[in-house]
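Participant: Work out the full structure: start from the sequences and follow the hints.
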Amino acid sequence: MKNQWLEFLFGFVTVKVTGKGIERFINVLTRNGFFIWRVRRHGTETITFKMRLEEAKKIRPYVRNSGCRVSFLRRNGFPFLLRRMMKNSGFMVGAGVFLLIIFLLSNVIWGIEIKGAKPATEYKIRQELDKMGVKIGKLQFFVKNVEGIQRGLTNSIGELTWVGVELNGTTYHLQVVEKNEPKAPEVLAPQNLIAKKKAIIVKTFVEEGQKMVDTNDHVEEGQLLVSGEIGQEGKNPRQVAAKGEIWGETWYKSHVELPFKTNFKTYTGNEEVKHFLSFGKVELPFWGFGKTEFKEYETEKNIYKLHFLKWELPIAYINKTIRESEVLPRTYTEKEAEENALELARKEIKSQLDEDAIFKDEKILHKTVENGKVILDIHFKMIENIAVGQPIPKETNE
Amino acid sequence: MAKKWGQRIRNWMASNMDLPQDVIMDLPRITMIGQIHIYIENHRGLLAFTDKELRLLLKQGQLLIKGNSFVIKTILPEEILLEGKIDEVLYLTENPGGTK
Numbered sequence: 001m002k003n004q005w006l007e008f009l010f011g012f013v014t015v016k017v018t019g020k021g022i023e024r025f026i027n028v029l030t031r032n033g034f035f036i037w038r039v040r041r042h043g044t045e046t047i048t049f050k051m052r053l054e055e056a057k058k059i060r061p062y063v064r065n066s067g068c069r070v071s072f073l074r075r076n077g078f079p080f081l082l083r084r085m086m087k088n089s090g091f092m093v094g095a096g097v098f099l100l101i102i103f104l105l106s107n108v109i110w111g112i113e114i115k116g117a118k119p120a121t122e123y124k125i126r127q128e129l130d131k132m133g134v135k136i137g138k139l140q141f142f143v144k145n146v147e148g149i150q151r152g153l154t155n156s157i158g159e160l161t162w163v164g165v166e167l168n169g170t171t172y173h174l175q176v177v178e179k180n181e182p183k184a185p186e187v188l189a190p191q192n193l194i195a196k197k198k199a200i201i202v203k204t205f206v207e208e209g210q211k212m213v214d215t216n217d218h219v220e221e222g223q224l225l226v227s228g229e230i231g232q233e234g235k236n237p238r239q240v241a242a243k244g245e246i247w248g249e250t251w252y253k254s255h256v257e258l259p260f261k262t263n264f265k266t267y268t269g270n271e272e273v274k275h276f277l278s279f280g281k282v283e284l285p286f287w288g289f290g291k292t293e294f295k296e297y298e299t300e301k302n303i304y305k306l307h308f309l310k311w312e313l314p315i316a317y318i319n320k321t322i323r324e325s326e327v328l329p330r331t332y333t334e335k336e337a338e339e340n341a342l343e344l345a346r347k348e349i350k351s352q353l354d355e356d357a358i359f360k361d362e363k364i365l366h367k368t369v370e371n372g373k374v375i376l377d378i379h380f381k382m383i384e385n386i387a388v389g390q391p392i393p394k395e396t397n398e
Numbered sequence: 001m002a003k004k005w006g007q008r009i010r011n012w013m014a015s016n017m018d019l020p021q022d023v024i025m026d027l028p029r030i031t032m033i034g035q036i037h038i039y040i041e042n043h044r045g046l047l048a049f050t051d052k053e054l055r056l057l058l059k060q061g062q063l064l065i066k067g068n069s070f071v072i073k074t075i076l077p078e079e080i081l082l083e084g085k086i087d088e089v090l091y092l093t094e095n096p097g098g099t100k
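Each protein sequence line maps, in turn, to chains L and Y.
Residues in the first sequence are numbered consecutively from 1, following the working numbering.
Residues in the second sequence are numbered consecutively from 1, following the working numbering.
Accuracy of the hints is not assured; some may be wrong.
[To be verified] Pair ranges (Cβ atoms, derived):
no. : chain 1 : residue 1 : chain 2 : residue 2 : range
1   : Y       : 35        : L       : 19        : 25 to 33 Å
2   : L       : 89        : Y       : 89        : 48 to 56 Å
3   : Y       : 23        : L       : 19        : 16 to 24 Å
4   : L       : 62        : Y       : 29        : 49 to 57 Å
[Stated by the list, open to error] Calculated pairs, DSS-like style, for lysine-lysine (alpha carbon to alpha carbon, straight line, at most 30 Å):
no. : chain 1 : residue 1 : chain 2 : residue 2
5   : L       : 57        : Y       : 73
6   : Y       : 4         : L       : 20
7   : L       : 360       : L       : 243
8   : L       : 50        : Y       : 59
9   : L       : 16        : Y       : 66
10  : L       : 363       : L       : 261
11  : Y       : 66        : L       : 20
12  : L       : 203       : L       : 347
13  : L       : 138       : L       : 281
14  : L       : 253       : L       : 335
15  : Y       : 73        : L       : 50
16  : Y       : 73        : L       : 20
17  : L       : 320       : L       : 310
18  : L       : 291       : L       : 305
19  : L       : 320       : L       : 197
20  : L       : 58        : Y       : 73
21  : Y       : 73        : Y       : 85
22  : Y       : 59        : Y       : 4
23  : Y       : 4         : L       : 16
24  : L       : 320       : L       : 265
25  : Y       : 52        : L       : 20
26  : Y       : 85        : L       : 16
27  : Y       : 4         : L       : 50
28  : L       : 373       : L       : 347
29  : L       : 20        : Y       : 59
Please keep in mind that the hints were generated in silico from the structure rather than gathered at the bench.
Each residue gets a CB set at the ideal place from its N, CA and C atoms; glycine is no exception.
Facilitator: Next comes the structure, spelled out in structure tokens:
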């Protein structure tokens with residue numbers, strides 16, 4: 001039979017017919033292919049029925065001969081709905097604008113919270129953020145992503161050890177760790193100083209405590225250097241925290257291998273930027289089409305998610321930067337390789353020791369060249385502070 | 001004479017060739033669902049319609065349906081679907097149609 005929804009889509013009207021010979025009129029209509037439904041009688045001379053909107057427009061010639069009067073009562077269906085919507089288009093526009101405004105406001109930065117920073121640092125951070133464009137009232141699309149902000153802050157502000165940047169809805173939360181934390185209080189518990197490794201004493205400097213070793217002495221690891229027990233022997237010994245620096249000569253052996261030829265990657269400086277819109281998992285490019293012409297490249301991908309109120313929309317703007325890279329071979333001569341290997345060894349040793357350790361001497365013990373590599377065994381003499389604190393166990397007086 | 005011949009041939013075909021009689025002999029096919037629906041195929045036009053009565057023209061004679069609160073759900077040139085409470089279905093014939 002008839003499809004209600006289809007009728008609704010094309011629209012239908014309720015027709016009221018008055019007069020005599022209505023049945024004849026209906027016969028005429030049906031025979032001419034008009035589709036009529038819901039015929040109802042109201043009183044002796046009135047009938048109402050429904051018919052399609054398009055057919056209702058062609059009804060006029062048939063009415064003329066029938067001696068009936070026709071009027072249209074109700075208009076239903078999508079075309080009329082559309083017309084009404086057009087009439088009240090102000091409402092629609094308003095609703096659209098409203099959604100747009102909410103959408104825009106959901107993507108604006110509404111707050112920046114900084115935690116864990118001193119007022120001075122906080123001020124600096126705020127200034128730096130301003131420079132980067134992270135300001136209250138700015139749109140999030142035009143701001144770097146969280147990692148970028150984090151990197152920018154740590155690079156440009158020296159006082160920061162670490163910054164955690166988190167975007168929570170419309171607010172940026174910054175968790176700051178500053179470098180110059182208040183110094184830990186000095187240990188005042190009684191302690192000795194002992195050697196942390198085998199060494200020959202070069203220089204001693206004792207602030208507090210009884211010195212037990214002298215220059216040019218050979219000490220083993222764990223040997224007592226400065227005693228925390230002072231006072232005359234046997235008579236009321238006092239325990240103090242021994243303090244001081246004992247500089248000793250220490251020895252290290254290191255083994256380095258360095259190939260003559262190495263390949264490393266550099267960027268050529270050529271780059272391409274592509275823009276995408278992603279819906280769910282599908283990425284659609286809208287600026288920057290085509291494949292990259294670069295042979296070797298690396299891609300950086302920034303995703304800007306769109307928000308609506310507190311929800312994250314499945315739509316996101318993706319910005320891809322493609323940087324051309326090239327592989328450069330580097331070749332050393334044997335002498336250069338040796339020097340570089342030595343430098344490498346120094347760095348390695350240095351990284352294991354305290355900052356104030358000094359190189360005294362270095363000696364290449366063994367050098368071989370094989371498989372395109374130079375292999376060195378190096379002996380280093382270092383001067384460093386070998387004293388470490390060790391608490392004195394409390395003696396129980398018996 | 002000719003009409004009678006045609007009638008006889010149709011009768012014969014309907015009974016011997018196992019074809020539906022309404023097709024062969026142009027008779028109305030009436031389907032009723034309880035008292036609430038009546039579906040008439042092969043009518044020849046509306047003669048009268050009120051909410052208590054529906055009179056249809058057939059090829060031979062008329063069909064009168066009585067009841068109350070009638071609404072024509074659909075009407076097509078040869079079909080009609082009536083809804084309401086149906087009490088009677090009557091054939092009004094001068095020359096009875098559909099008899100053998």
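Participant: Compare the structure with each hint and give your call.
Facilitator: Cross-check of the supplied hints:
Checked against the given bound of 25 to 33 Å, the beta carbons of residue 35 (chain Y) and residue 19 (chain L), roughly 32 Å apart, stay inside it. In this structure the supplied range 48 to 56 Å holds for residue 89 (chain L) paired with residue 89 (chain Y), their Cβ-Cβ distance being about 54 Å. The hint said 16 to 24 Å for the Cβ distance between residue 23 (chain Y) and residue 19 (chain L), and at roughly 37 Å that hint is violated. Range check, residue 62 (chain L) to residue 29 (chain Y): Cβ separation about 28 Å, and the 49 to 57 Å hint is violated.
About 22 Å separates the Cα atoms of residue 57 (chain L) and residue 73 (chain Y), which keeps this hinted pair within 30 Å; it holds. With a C-alpha separation of about 38 Å, the suggested pair residue 4 (chain Y) and residue 20 (chain L) falls outside the 30 Å cut-off, and the hint is violated. Of the pairs offered as hints, the one joining residue 360 (chain L) and residue 243 (chain L) holds, with about 25 Å between alpha carbons and a cut-off of 30 Å not exceeded. Restraint check for residue 50 (chain L) and residue 59 (chain Y): the C-alpha separation of about 28 Å stays at or below 30 Å, so the hint holds.
Simply put, residue 16 (chain L) and residue 66 (chain Y) have alpha-carbon atoms about 24 Å apart, close enough for the 30 Å limit, and the pair holds. The hinted pair formed by residue 363 (chain L) and residue 261 (chain L) meets the criterion: a straight-line CA distance of about 25 Å does not exceed 30 Å. For the proposed pair residue 66 (chain Y) and residue 20 (chain L), the alpha carbon gap of about 21 Å is at most 30 Å, so the pair holds. Of the pairs offered as hints, the one joining residue 203 (chain L) and residue 347 (chain L) holds, with about 25 Å between alpha carbons and a cut-off of 30 Å not exceeded.
A threshold of 30 Å between alpha carbons decides the hint, and for residue 138 (chain L) with residue 281 (chain L) the separation of about 28 Å falls inside it, so the pair holds. Restraint check for residue 253 (chain L) and residue 335 (chain L): satisfied, since their Cα atoms lie roughly 21 Å apart, inside the 30 Å limit. About 10 Å separates the Cα atoms of residue 73 (chain Y) and residue 50 (chain L), which keeps this hinted pair within 30 Å; it holds. The suggested pairing of residue 73 (chain Y) with residue 20 (chain L) holds, with an alpha-carbon distance near 22 Å, which does not exceed 30 Å.
At most 30 Å may separate the alpha-carbon atoms for a hinted pair to count; residue 320 (chain L) and residue 310 (chain L) meet this at roughly 26 Å. Pair hint residue 291 (chain L) plus residue 305 (chain L) holds up; C-alpha atoms about 25 Å apart against a cutoff of 30 Å. Proposed proximity of residue 320 (chain L) and residue 197 (chain L) is contradicted: the alpha carbons are some 53 Å apart, above 30 Å. Proposed proximity of residue 58 (chain L) and residue 73 (chain Y) is supported: the alpha carbons are some 22 Å apart, at most 30 Å.
Distance hint between residue 73 (chain Y) and residue 85 (chain Y) is fulfilled; the C-alpha atoms sit about 13 Å from each other, no more than 30 Å. Restraint check for residue 59 (chain Y) and residue 4 (chain Y): satisfied, since their Cα atoms lie roughly 16 Å apart, inside the 30 Å limit. A C-alpha spacing of about 45 Å is found between residue 4 (chain Y) and residue 16 (chain L), which places the hinted pair above 30 Å, so the restraint is violated. Of the pairs offered as hints, the one joining residue 320 (chain L) and residue 265 (chain L) holds, with about 20 Å between alpha carbons and a cut-off of 30 Å not exceeded.
The hinted pair formed by residue 52 (chain Y) and residue 20 (chain L) meets the criterion: a straight-line CA distance of about 18 Å does not exceed 30 Å. Taking the CA atoms of residue 85 (chain Y) and residue 16 (chain L), the gap is about 24 Å. The hint holds against a cut of 30 Å. Distance hint between residue 4 (chain Y) and residue 50 (chain L) is unfulfilled; the C-alpha atoms sit about 43 Å from each other, more than 30 Å. Distance restraint check for residue 373 (chain L) and residue 347 (chain L): the Cα-Cα separation of roughly 19 Å lies within the 30 Å cut-off, and the hinted pair is therefore satisfied.
A hinted pair counts as satisfied when its Cα atoms are at most 30 Å apart, and residue 20 (chain L) with residue 59 (chain Y) qualifies at roughly 24 Å.
Of the numbered hints given earlier, the model fails hints 3, 4, 6, 19, 23 and 27; all others are met.
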